[in-house]
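We have chain A; now place chain B onto it with these hints.
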Amino acid sequence: MSQQEKSENQSAFNQENAVNPMGLLFDEEWLRKAVEAEDKVGGNIGAGLDWGSAFGSLVFNLELLGRFTTLRISLNREVRLLLNNWNLGTATKIAAKAARERILEKFRFPTPEVREYILATLENDELYGEEFISNREILRELLGLLLKQEDWETIAAVAADSLKKEIIHQAVGEKISA
Amino acid sequence: MHGSRLEEGKRLVYVDGIATAPWNRAYIQRPPKLKGVGTAFLAFARTRSLELGYEGRVGLHSLPGVEEFYDNQGMIDVGEDEDYDDLVYFEYGVFRSPG
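Top to bottom, those sequences are chains A and B. For the first sequence, position 141 (counting from the first letter as 1) is numbered 141 according to the working numbering, and the numbering increases by one without interruption. For the second sequence, position 58 (counting from the first letter as 1) is numbered 58 according to the working numbering, and the numbering increases by one without interruption.
For reference, chain A alone in the conformation it holds in the complex (with noise of 0.2 Å):
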């Protein structure tokens, strides 16, 4: 290829890449970098929650994906604001991610009524259409139905083991314990 011919092409390449950032698919120098940095991420690009095998299917309904996932979010942003009330301090993010487990769980293994709240939830339309949903009356009442009893003795265990252990690191690093 002439000089002049690499020319027109780079030119060429330029104009269609500064409309279509796919052009830059076509740039073999642009292209090895980003290989490379697949590469030094072992090739495993990945984005999105974690559903976990049970939910599989869901890929093949990309519809169904999207709710399920504002609703799963809008459920984890409803219990940490219920935590956040609760004045937990420093046991508040460990109380939180603990309850978001649950909460997964559940969806993975719902009993039959939650089963069929959820599935009326996924069909109720006006739910959907921005990140979160907003209607946070039908968020805590699923939440009530989500998590029971035997559920929040979990998530305080967790919190205060969590709290245990900090209490026990701090006193051992300040040098209090003998």
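Be aware that one or more of the hints could be misleading.
Per the computed footprint, the stretches of chain B lying under chain A, defined by three or more beta-carbons under 8 Å from a beta-carbon of chain A, are [to be verified]:
1) 7 to 21
2) 29 to 37
3) 47 to 58
4) 73 to 79
Listed below are the simulated EDC-like cross-link pairs for lysine to aspartate or glutamate, each with C-alpha atoms no more than 20 Å apart in a straight line [claimed, not checked]:
5) A/Lys97 <-> B/Asp86
6) A/Lys33 <-> B/Asp71
7) A/Lys93 <-> B/Glu80
8) A/Lys148 <-> A/Glu113
9) A/Lys148 <-> A/Glu137
10) B/Lys10 <-> A/Glu113
I should point out that these hints are in silico values taken from the structure, not numbers from a laboratory. Using N, Cα and C, we set each Cβ at its ideal position, and we do this for glycine too.
Structure of chain B alone, referenced to chain A:
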């Protein structure tokens, strides 16, 4: 619909999920069958964003351990997001040609 976290009031294409096929992951198959697929997905998302009038804005939550890739792609690290299981949120701003 998701809004930009970098520019309030601006819409973007939010990527609900990206998963790499097992035969393209180095720790499962060496050498991987294909490379550059994740990069192509992101380029497609940006193109779609331009088509929709969102100026190339794209957002996603990175899987743990892959943050470095999105950093390298020039996405902005907006930080951990508690409501998304502490995944790190990344966002592309307005697309500007590197040329």
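Numbers of unmet hints, in rising order: 4, 10
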